Structure formats: C-alpha cells, structure tokens
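Asker: In case you want the letters, here they are:
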Amino acid sequence: MAQASFDDVDLVIKTMATTIVDNAEYFAHLDSIVGDGDFGYSLRNGFEVVAADYDTFDRSSVGAVLKKIGIVISGKVGGVSGPIWGTAFLRAGAAAGDRTELAPEDVIAMLRAAITGIMARGGASLGEKTLLDALVPATDSLEAAIGDPALKGDHGVAAVQRAADVAVKAAEETKSMLAMRGRAAYTGERSIGSVDAGATAVGVILQAIASAWREKYGEGASA
Amino acid sequence: MAQASFDDVDLVIKTMATTIVDNAEYFAHLDSIVGDGDFGYSLRNGFEVVAADYDTFDRSSVGAVLKKIGIVISGKVGGVSGPIWGTAFLRAGAAAGDRTELAPEDVIAMLRAAITGIMARGGASLGEKTLLDALVPATDSLEAAIGDPALKGDHGVAAVQRAADVAVKAAEETKSMLAMRGRAAYTGERSIGSVDAGATAVGVILQAIASAWREKYGEGASA
Amino acid sequence: MRKFLNDPKKFVPEFLEGIALASGGSLKYEPKYNLIYRADMPKADRVSIIQGSGSGHEPAHTMIVGPGMLDAACPGDVFAGPPVEFVTETSKLMDTPRGVLYIVNNYTGDRTAWEMAKELCEAEGQKIGYLLVNDDVAVKDSTWTIGRRGVAGNFFVIKAAGAMADKGGSLEECVRVGEKVIANVRTMGIALSSCTPPVRGTPLFEIADGEMEIGIGIHGEPGRQRARMGTADEIVDLLLNAIVPDLPFKSGDEVALMVNGLGGTPISELYLLYGIAHKWLAAKGISVFRSYVGEYCTSLEMAGAHISLLKVDAEIKELLMAPAEIAYRVF
Amino acid sequence: MRKFLNDPKKFVPEFLEGIALASGGSLKYEPKYNLIYRADMPKADRVSIIQGSGSGHEPAHTMIVGPGMLDAACPGDVFAGPPVEFVTETSKLMDTPRGVLYIVNNYTGDRTAWEMAKELCEAEGQKIGYLLVNDDVAVKDSTWTIGRRGVAGNFFVIKAAGAMADKGGSLEECVRVGEKVIANVRTMGIALSSCTPPVRGTPLFEIADGEMEIGIGIHGEPGRQRARMGTADEIVDLLLNAIVPDLPFKSGDEVALMVNGLGGTPISELYLLYGIAHKWLAAKGISVFRSYVGEYCTSLEMAGAHISLLKVDAEIKELLMAPAEIAYRVF
Ligand SMILES: Nc1ncnc2c1ncn2[C@@H]1O[C@H](COP(=O)(O)OP(=O)(O)O)[C@@H](O)[C@H]1O
Ligand SMILES: Nc1ncnc2c1ncn2[C@@H]1O[C@H](COP(=O)(O)OP(=O)(O)O)[C@@H](O)[C@H]1O
Ligand SMILES: [Mg+2]
Ligand SMILES: [Mg+2]
Ligand SMILES: [Mg+2]
Ligand SMILES: [Mg+2]
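Protein chains in written order, with this note's numbering: chain L, 1 to 223; chain D, 1 to 223; chain E, 1 to 331; chain V, 1 to 331.
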C-alpha cells in the first residue's frame with residue numbers, strides 16, 4: 001500500500017463527519033433501544049462543526065488537525081461519546097505527530113493509540129458491547145492486510161473495504177452480547193438481542209470511508 | 001287518577017335511586033362531551049346512600065322522607081348537582097309537608113316547588129340547556145293529564161308514561177340549544193349538537209319510574 | 001390508566017391522608033368531611049381563611065394549607081365542588097370571632113355550595129367574608145351570566161389575604177386586599193393533552209398530537225377553540241394578546257408573572273414559556289416584579305399551561321413577599 | 001409532540017434563559033457554555049458547589065442553583081452529560097481559594113467529563129472536591145463495574161453539602177457530609193409511561209397502558225423488569241422491599257422520605273404514595289423525620305415516581321433544615 005497524502009486525510013475526516021451528520025437519527029434510534037437515545041445527536045453536535053469548519057482548521061500536520069478535532073469533540077459532544085471520541089482523536093493525533101503523510105503502519109499506530117485511549121477513558125474491554133467491538137477487529141483486519149501480498153498495488157482499496165466489512169459483521173455480532181458499559185448496561189439481560197449503537201456507527205462510518213476510497217483510487221476512478 | 005300511597009312514594013324514590021346508580025357512567029359520559037364528566041358519579045355519591053339506607057329513613061310523612069333525602073344529597077353530592085338536586089328534594093318535601101298520601105295535584109305542587117327551588121338556586125331559566133328543559137315540560141304534561149278524561153282510571157299509568165316520553169323528547173331537543181349554565185357554558189357554540197346530561201338523566205329516570213308504575217298498576221300487573 | 005391508585009373512589013381520601021402524614025403533625029385530616037386543616041388553627045385573634053373546590057387541581061387547594069395561606073380546605077371529588085355539608089363543617093371548625101373568609105372560585109357548583117353554606121353559617125351567628133375569584137379571560141364577553149372562571153390567579157388571592165390575616169388584618173381588610181388582587185389578575189390557558197379522572201378511567205376528551213385547545217378550563221371542559229399546535233413563541237403571543245389588553249396592563253406597570261403547569265408539562269417547558277413571556281412584556285414596557293413558575297393549579301395530568309399576570313402596587317408587593325409555609329414546599 | 005417548544009435544538013438554551021430571567025437578577029445565564037450560576041458567587045471565603053449532567057431532569061440541576069444549594073450548573077443536552085469544556089469553564093468561573101466541590105451523578109458520560117475536568121483544573125492549580133452520587137438500588141449486584149446510578153438522592157447530597165458550605169465548612173467538611181449522605185441514601189423508581197426527548201420527537205420506548213417498568217432510570221433507559229401494573233399499595237411495597245433491606249434501614253431509624261415525581265405524574269398521586277410509604281415504614285418502626293413530596297429529579301414528562309430514603313443523624317437533620325432559596329421555589 002502507498003503513502004496517504006494530506007488530501008487523503010481530508011477525505012477520510014470529511015467523509016466521517018458527513019456520515020455522522022447524515023446518520024444522526026439512525027444512530028440515536030439504535031441507542032434508544034436499550035440506551036437513552038442521544039448517541040447520534042450528541043456526535044452530530046461535534047461533527048457538524050467539524051464538517052462546517054474543517055477548511056479553517058490548522059492542517060500543518062496530521063497531528064495538529066486531529067488534535068483540533070479532538071478539542072472540538074470534547075467541547076461540543078456530551079455524554080459518554082464526547083470524552084470517548086475526543087480522547088480517540090487526541091491520542092491518534094499525538095501518534096501522528098507532525099507527519100504530513102502517513103504510511104500504512106502510521107495509520108495502524110494511530111488507530112491503536114485511539115483504542116488504548118478509549119479503553120483508558122471508559123474502562124471498557126473487548127466483548128462488553130461497545131464501539132471497541134467493531135473498532136478493534138477492523139483495525140486487526142487492516143493491520144493484517146498491510147502484509148498481504150494479494151492486496152498490494154490498489155492504494156488499499158480492498159484492504160479498507162475488508163476492514164469495513166469486518167466492522168459491520170462485528171457490529172452485528174454485538175447483538176448477542178450483554179452490555180457492560182454505558183446506559184445500556186442498566187438493562188442487564190434485556191440488552192441482549194439488539195446491536196450496540198457505537199459499534200454499528202463504526203461499521204457505517206468505515207463503509208462510507210471505503211466507498212470514498214474506492215471512488216478516489218479504485219478501478220475506473222478518475223484519480 | 002287515584003291517591004298515591006306511601007308504598008308508591010317508596011317505589012318512585014327507590015326506582016329513581018337505583019336508576020341513577022345504574023346509569024352513573026352513562027350520565028358522566030354525557031357530561032364529558034362538553035362538560036367535565038362528573039355528573040353521574042356525583043349524583044351516585046348521594047343516591048347510592050339513598051338506595052342503601054332508604055329503609056332506615058324517617059317515613060312518618062312524605063315531607064320527612066324527602067327532606068331527609070335532600071339532606072343526604074346536599075351532604076354527599078358535589079358540583080352543581082348537590083345544591084340543585086338537594087334543593088329540589090327539600091322544596092318538594094316542604095310542599096308535601098306531613099301528608100302521607102298524595103293527590104295528583106300534590107305531586108304537581110311538589111314538582112313546581114322543586115322547579116322553583118332549582119331556578120332560585122342555580123339561576124337558570126328555560127332554554128338554557130339544563131335539566132329544567134326536561135323537567136318543566138314533563139311536569140306540564142303531567143299536569144295536563146290530570147284533567148284529561150281519556151287518562152282516567154288507570155292509576156296514572158298512561159299519564160306518567162306520557163310525561164316520561166315528553167321528558168325524553170325534550171332532552172333530545174336540548175341538542176340544538178346553546179349551554180348557558182354550568183361548565184358546558186364555557187364551550188360556547190361548541191355546546192350545540194350534544195344533549196344536556198341533566199336533562200337526559202331526567203328522561204331516563206322518568207322512563208324507569210313509568211315502567212315501575214306500569215308494572216305495579218298497568219294491565220296485567222299483579223297488584 | 002397510568003396512575004398510582006388503589007380504589008379509584010378512594011383517590012381523594014388517600015392523597016389527603018398523605019398530605020396530613022407528610023406534614024409532621026402541622027396539618028390534620030378529617031375523613032368524615034374530607035378536610036385538611038391547620039392543627040394550630042383557628043385562633044381567636046386571627047381571621048381564618050378557607051377554600052373548597054373540586055379535587056384534581058393539586059397543589060390547589062389542599063396542598064396550600066399552612067401558615068400564611070389557607071387555614072383549611074375541603075375538596076370535593078375530582079372536578080366536583082364539595083357538598084354543602086363539607087363546607088359548613090369546615091366553616092364551623094375554623095370559626096373565630098375575627099371572622100372566616102371564604103375564597104371561592106367562580107363555578108356554579110362551588111358558588112351554590114359556598115353561598116348555601118354562608119347563609120346557613122351566618123344564620124348560626126358566624127361572621128363570614130366572601131371572595132369570588134374569576135381571572136380566566138378565556139371566558140369573555142359571554143352571555144352566560146355565571147361569568148369568568150377562577151383559575152391560577154386564585155393562588156395570588158390566597159397569598160395576599162393570608163398575609164393580611166397574618167398581619168392581624170380584620171376580615172374587612174382581608175376582603176379588601178383579596179378584591180384588589182381579583183381586580184388586577186388575569187389568566188389564560190392552553191392545553192396540549194386531555195386528562196383522565198380516576199373514577200372515569202378514560203380521557204375526558206381527545207386532543208390529537210399537533211393540536212392545541214385554546215382557553216382550556218381546569219376541569220377538562222373543552223376550551224373555546226381547537227387550533228393547530230403553535231410554537232412556544234406563537235402560544236405566548238396568543239395568550240398575552242388576550243390577557244394584556246383585558247385589564248389592560250400598560251407600559252410602566254409592574255406585574256407578578258406566573259406560568260402555571262397543568263400537571264403533565266415538565267417545568268423545563270414552563271421556564272421556556274416564562275422566558276418568552278418575560279421578554280414579550282419587557283418589550284411592551286411592563287416589568288416583572290416577581291416570577292412564579294411551576295404548578296399552582298392543575299388539571300390532573302393534563303399537558304398545558306396558564307399564564308397569569310397580576311398588576312402589583314406597594315401593598316400587594318408586600319403581601320406577596322410575606323413568608324408562608326405550605327405542604328407543597330420544596331425543602 | 002405535545003410540548004411547548006420553538007426549535008427543539010434550542011430547548012435547553014431557551015429554558016435556561018427563562019430561569020435567569022425568572023430569578024430577578026440573582027442568577028445569570030452564560031449561553032456559550034450553557035451555564036446557570038449565582039450572580040453573587042464565587043466568594044473567597046466559601047466553598048463553591050457545582051454540578052452538570054444531562055438536561056431533562058428539571059428541576060435538577062439547573063433549577064436548584066441558589067443560596068444553600070448549587071452555585072452553578074452546566075447541563076448538557078437532554079440526557080447527555082455536558083461536554084468537558086462546559087465543565088472546566090464552570091469550574092473556573094466558580095473558583096475560590098476554599099475550593100470547588102463537584103457533585104457528580106454516577107454515569108459513565110458524567111464521570112468521564114467531570115474526571116477529565118478535574119485533572120485539567122487541578123493541573124491549573126484549582127482545589128477540587130469530588131462526590132459521586134449512586135443511590136439507585138435498582139442497579140444491584142451487577143457485574144457492570146460502573147455501579148449504581150445517581151438519581152433523586154442527589155437532592156439530599158446537594159442540600160447537605162450546600163448547608164455545610166453556607167456554615168463556612170471547608171471543602172473537606174463538605175465532602176465528608178456529602179459522603180455521609182451518599183452512604184445513607186437509597187432510591188428506587190417505577191415508570192408508567194415513556195418520555196419524548198425534544199430533538200427526537202418520538203417516545204424513547206413504549207410502556208403499554210396496564211404495564212409498568214420497575215427500576216426505571218431517569219434517561220428513559222428501560223428498567224430491569226416490565227410487569228403488570230400494580231396498585232399503589234403493591235408498588236410502594238415493591239419499592240420499599242428493595243430499598244429498606246439494602247442499607248439496611250432498621251426499626252428505630254429516623255429517615256427523610258422523598259416521593260419524587262418523574263414529570264408527568266400529578267402531585268396528588270405522589271402524596272397518595274407518600275401516605276402509603278409513611279405507614280409502611282411506621283409499621284416497621286422507621287419514623288419519618290421530614291417529608292419531600294414533589295418533583296426533584298424528573299425524566300421529561302414521564303409518568304412515574306421514585307421513593308428515596310435517607311437515614312438521618314443529628315448532623316444531617318440540621319443540614320436538611322438549614323435555609324436555602326432556589327429558582328424552583330413556590331412563593
Ligand atoms: N465505557 C465505555 N467505553 C467505550 N465505549 C462506550 C462506553 N460506554 C458506552 N460506550 C459506547 O457509547 C455508545 C453510547 O454513547 P452515548 O449515547 O453518547 O452515551 P450515554 O448516553 O450512555 O452517555 C454505546 O453504544 C457504546 O458503543
Ligand atoms: N345553573 C344551573 N341550574 C340548573 N341546572 C344546572 C345548572 N348548571 C348545570 N345544571 C345541570 O347540571 C348538569 C351538570 O351537573 P354537574 O356535572 O354535577 O355540574 P358541574 O360539573 O358543572 O359542577 C348539567 O347537565 C345541567 O343539566
Ligand atoms: Mg446514549
Ligand atoms: Mg359536570
Ligand atoms: Mg363538576
Ligand atoms: Mg446519554
């Protein structure tokens with residue numbers, strides 16, 4: 001896989017932000033089944049600012065822009081999601097540092113830093129029915145793809161798609177889990193049978209990123 | 001028409017009391033259309049005591065028993081209906097005095113006294129969509145029947161039935177009236193189109209009395 | 001029915017018993033006549049103030065018994081004024097040489113009961129004062145001679161008369177300040193849902209989602225007009241445009257502003273309405289002396305609100321600010 | 001949606017503005033960070049007390065800012081704790097050399113925001129105290145490590161800490177009495193209907209008429225069990241049988257007894273529950289020192305109630321009885 005340029009960073013973040021804004025109601029609905037129904041709306045409070053103001057952010061480095069996003073999210077998003085997503089961006093930004101291009105290994109290091117931050121902030125482990133249950137397997141898949149000779153030479157289009165598919169499948173599998181974190185945990189056994197809102201959101205966002213990536217770099221793409 | 005004995009007074013009052021108890025929900029429902037839905041329940045609070053305790057009441061005279069009922073109603077029935085119905089019984093009782101039998105003329109005098117009392121207490125006139133709009137025409141009909149040679153010799157069975165029919169028809173006609181009294185009046189024009197609860201109750205009660213009267217004195221009755 | 005109830009017919013006695021138990025002994029409950037009364041009243045040197053109306057309007061009026069407010073309350077069933085006998089018993093229980101003040105809301109049922117009781121008690125030598133509250137501007141220019149309803153403004157009448165009684169005012173002085181408040185208070189309400197009397201078990205009427213009932217009564221009696229649901233701004237504008245020209249309230253006036261919840265509307269929404277009303281009045285040069293936001297006179301669990309305006313002068317201000325202590329307190 | 005609203009997204013700022021306007025200048029509203037704060041605070045010689053949690057629980061916590069209670073509150077959106085930035089700004093605004101006390105309800109979202117803020121503010125040299133309220137016995141013996149929720153008992157914690165701050169207590173003393181209250185307060189709730197967050201526009205879940213949700217949260221999160229609707233007697237029995245053995249409360253104990261409405265239940269029903277609970281406790285030898293009946297911590301317009309019991313000693317009694325004055329008052 002090739003280096004990702006700053007254009008690619010812009011693309012990923014903008015895709016993520018608009019996907020979150022467009023799916024706010026859907027995500028909130030998922031959170032209402034055994035949670036309190038605010039998840040999508042809370043995230044939107046932050047990402048609509050990211051979407052609107054992105055072009056004004058300091059983009060001197062990947063670290064700078066991700067930290068700025070982390071601050072916006074912490075400042076605008078309430079509930080669990082503000083500290084969780086805010087921390088994820090701050091940690092990923094710290095891992096990226098002053099790079100202006102990212103090697104595939106850098107992306108993996110950033111995702112791992114984000115995951116560690118989420119775990120530290122919220123105290124959750126894998127299997128507790130949170131967004132980690134989609135984010136971690138997707139990251140694992142992406143990492144495995146880096147060394148996969150079959151996926152070379154396509155700018156990571158297949159690798160990203162595979163990670164997104166893993167996330168969607170993993171999110172679906174949260175259905176059978178007992179919620180141990182967040183408000184859904186209060187419902188105990190009744191949380192079994194519905195997917196986790198955060199994990200599902202990760203799947204939806206990664207699919208949107210995979211599509212955008214394919215449009216830019218896939219066969220028949222203009223670029 | 002013949003004299004009414006104390007047995008007949010007992011019959012009329014007991015019929016009235018059980019009819020009110022049995023129709024409480026229906027009467028309350030009628031009151032809910034443009035009123036506040038308590039009418040039948042309020043009346044029941046008093047008449048269920050009348051029904052239960054009637055045999056313990058002082059029945060040394062018609063006046064005594066009606067006054068007692070007036071006191072029970074005033075003591076137990078709230079809303080407009082307590083003072084209105086309570087006053088009606090007190091005034092009818094005063095008109096009956098220490099009689100123990102009632103001539104048809106006595107019954108008319110008692111009804112007129114009740115009507116005057118209701119008007120004094122509630123300030124309503126005819127045509128203002130209250131129970132007066134059934135009670136007054138029924139009383140008029142009964143009075144007219146007293147002099148009617150065609151209705152002689154059947155213990156008033158036909159006369160009472162005719163009065164009850166007049167009450168039902170008059171109650172039906174309250175539909176087109178604008179409510180000027182009670183809570184229904186607050187709805188203004190919207191009160192037009194539904195019958196008055198109090199007037200309808202008068203019709204239902206008089207029909208029950210007419211049936212009881214026929215059962216006792218009509219052709220084929222055991223007595 | 002989404003209600004905490006045992007036997008629906010015992011709804012009123014059971015909550016009255018709760019009021020007395022919650023009072024720590026300062027209030028007593030008399031089950032025979034459904035009375036809630038101050039354990040330390042009557043007093044020979046103080047006017048007693050009593051009220052009795054339908055239940056279902058809580059905290060009015062059974063939960064506003066206490067120092068500085070009512071001395072006793074005799075509720076009827078839900079939405080039915082009390083039987084005359086309850087009233088005469090209350091009057092006798094609170095009898096004092098200084099006199100007993102009846103504060104009556106203007107409904108036929110309430111009036112007939114209280115006027116009968118007044119006759120009966122005066123005949124027995126009681127000194128009685130009588131105030132008729134009729135603040136609801138929704139009932140306007142009507143041919144129905146009973147006149148306007150008493151609604152949320154009742155709270156101010158009781159507060160002022162209670163403070164005057166506490167100051168040692170005579171029955172005549174209590175009546176005078178009560179009449180002054182009545183002359184200067186105006187109210188109008190709007191409902192967003194119906195309500196369910198416990199004995200009945202079903203809603204009194206239906207308001208579809210997206211509709212509102214303008215000029216609602218507090219007994220579930222429908223208002224004067226059904227309309228498409230408006231924004232909070234539109235609703236405040238509609239209510240104040242009915243209330244303000246009625247007195248009229250004018251630029252330079254000082255007012256007490258009440259936003260009263262009808263039972264099912266959360267206090268957050270009442271404060272939202274309050275803010276809009278406050279700014280609306282300020283724009284007209286009318287300034288708020290004191291605010292009242294919460295539930296004062298409800299209609300069971302109805303969603304909706306009243307706005308009340310009371311024009312204040314120095315005397316009314318002092319009476320409103322005087323201390324009072326009632327069951328329906330916060331601390 | 002049967003709500004008084006303009007733009008649903010402006011629901012929180014609009015009601016906050018109403019609170020400030022209704023306060024007559026004693027409270028201020030800072031729109032940038034959604035703050036409500038006392039105009040006369042902070043003071044150099046008094047601990048400041050602040051809270052911030054999701055909106056939709058009014059009067060908690062934005063309407064209980066005032067002398068003797070909170071000095072500032074920073075709400076998030078409906079059912080979402082405030083963003084960290086709101087918290088740090090509130091903390092800085094109320095900074096005093098005596099220290100700032102954070103009273104936090106035990107939810108992941110609230111905790112993470114307040115713990116992040118504590119780190120940040122301590123790093124800038126602020127003296128911070130921290131109390132975690134977790135009174136809801138419905139969340140019991142759980143494997144989910146976040147532990148019990150903070151619900152209606154929060155009111156008592158604020159009242160006690162606020163009174164201690166008013167007495168001139170140090171930050172440590174405020175923390176000590178707050179922890180004592182937390183150790184002695186237990187709550188459980190029941191819902192009879194769902195609720196509708198304004199931005200969402202539809203009910204969060206459905207409870208059929210004739211059903212009840214036992215152990216409800218205050219964010220519309222379902223409880224632990226759905227059951228057939230019970231009588232008021234059965235419901236009180238069920239709640240007290242969960243609450244009383246948990247501490248446990250024992251014969252001879254004195255308690256503060258709160259019946260808290262969830263927003264859509266009329267106060268008459270709350271008093272009805274109160275009476276039953278009072279007698280239930282009396283039969284077990286537990287006596288009520290002081291009653292609290294009304295809305296303290298709601299869930300928008302949800303029909304339902306919490307029962308809270310606080311075991312009191314001489315110190316807690318004195319703190320509960322101390323004067324306080326908040327937006328959500330009656331007079
Ligand atoms: N402790 C936690 N650590 C990581 N993720 C969590 C945690 N708790 C909840 N989540 C995730 O956050 C989502 C809910 O977010 P949100 O609705 O904003 O939180 P809440 O309403 O509980 O404050 C869940 O679907 C889950 O994926
Ligand atoms: N002023 C009045 N005079 C006579 N009858 C009246 C008057 N007002 C109402 N009514 C009658 O009483 C009935 C309603 O009684 P009720 O429901 O007990 O009164 P409310 O709920 O208005 O106090 C009406 O249907 C009408 O027939
Ligand atoms: Mg949530
Ligand atoms: Mg009626
Ligand atoms: Mg009535
Ligand atoms: Mg939330």
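Calculated from the structure, these hints are not laboratory results.
These numbers come from a predicted model, not from an experiment.
Certain hints may be false.
As the list claims (entries may be wrong) - Straight-line C-alpha distance at most 30 angstroms; calculated DSS-like pairs for lysine-lysine:
no., chain 1, residue 1, chain 2, residue 2
1, V, LYS167, L, LYS67
2, E, LYS92, D, LYS68
3, E, LYS28, V, LYS279
4, E, LYS32, V, LYS167
5, V, LYS127, E, LYS28
6, E, LYS9, D, LYS14
7, E, LYS279, V, LYS32
8, E, LYS317, V, LYS250
9, D, LYS14, E, LYS92
10, D, LYS67, E, LYS317
11, D, LYS68, E, LYS10
12, V, LYS32, L, LYS67
13, D, LYS68, E, LYS118
14, E, LYS279, V, LYS118
15, V, LYS167, V, LYS43
16, E, LYS279, V, LYS279
17, V, LYS284, E, LYS279
18, V, LYS32, E, LYS28
19, E, LYS10, D, LYS67
Asker: Could you run down the list of hints and mark each one as holding or not?
Answerer: These are the hints, each one checked on the structure:
1. As the CA atoms of LYS167 of chain V and LYS67 of chain L are separated by approximately 44 angstroms, the hinted pair breaks the 30 angstroms bound.
2. Pair hint LYS92 of chain E plus LYS68 of chain D holds up; C-alpha atoms about 22 angstroms apart against a cutoff of 30 angstroms.
3. Under the criterion of a C-alpha separation no larger than 30 angstroms, the hint pairing LYS28 of chain E with LYS279 of chain V is consistent with the structure, at around 16 angstroms.
4. For the given pair, LYS32 of chain E sits about 46 angstroms from LYS167 of chain V by alpha-carbon distance, which is inconsistent with the 30 angstroms threshold.
5. For the proposed pair LYS127 of chain V and LYS28 of chain E, the alpha carbon gap of about 49 angstroms is over 30 angstroms, so the pair is violated.
6. Taken as a hint, the LYS9 of chain E and LYS14 of chain D pair is honoured in the structure, with Cα atoms around 23 angstroms apart against an allowance of 30 angstroms.
7. A distance of roughly 20 angstroms separates the Cα atoms of LYS279 of chain E and LYS32 of chain V; the hinted pair therefore holds under the 30 angstroms criterion.
8. Proximity of LYS317 of chain E to LYS250 of chain V is assessed by CA-CA distance (about 48 angstroms); at most 30 angstroms being required, the pair is judged violated.
9. Under the criterion of a C-alpha separation no larger than 30 angstroms, the hint pairing LYS14 of chain D with LYS92 of chain E is inconsistent with the structure, at around 33 angstroms.
10. Proposed proximity of LYS67 of chain D and LYS317 of chain E is contradicted: the alpha carbons are some 49 angstroms apart, above 30 angstroms.
11. Note on LYS68 of chain D and LYS10 of chain E: the hinted pairing holds, with a Cα-Cα distance of about 26 angstroms set against a maximum of 30 angstroms.
12. The hinted pair formed by LYS32 of chain V and LYS67 of chain L meets the criterion: a straight-line CA distance of about 21 angstroms does not exceed 30 angstroms.
13. For the suggested pair LYS68 of chain D and LYS118 of chain E, the alpha carbons sit about 21 angstroms apart, so the restraint of at most 30 angstroms is met.
14. Taking the CA atoms of LYS279 of chain E and LYS118 of chain V, the gap is about 37 angstroms. The hint is violated against a cut of 30 angstroms.
15. Under the criterion of a C-alpha separation no larger than 30 angstroms, the hint pairing LYS167 of chain V with LYS43 of chain V is consistent with the structure, at around 13 angstroms.
16. Simply put, LYS279 of chain E and LYS279 of chain V have alpha-carbon atoms about 47 angstroms apart, too far for the 30 angstroms limit, and the pair is violated.
17. With a C-alpha separation of about 53 angstroms, the suggested pairing of LYS284 of chain V with LYS279 of chain E is violated against the 30 angstroms cut-off.
18. Only pairs whose Cα atoms come within 30 angstroms are accepted, and LYS32 of chain V paired with LYS28 of chain E is rejected, the gap being roughly 50 angstroms.
19. A hinted pair counts as satisfied when its Cα atoms are at most 30 angstroms apart, and LYS10 of chain E with LYS67 of chain D qualifies at roughly 28 angstroms.
Consistency note: the structure conflicts with the earlier hints numbered 1, 4, 5, 8, 9, 10, 14, 16, 17, 18.
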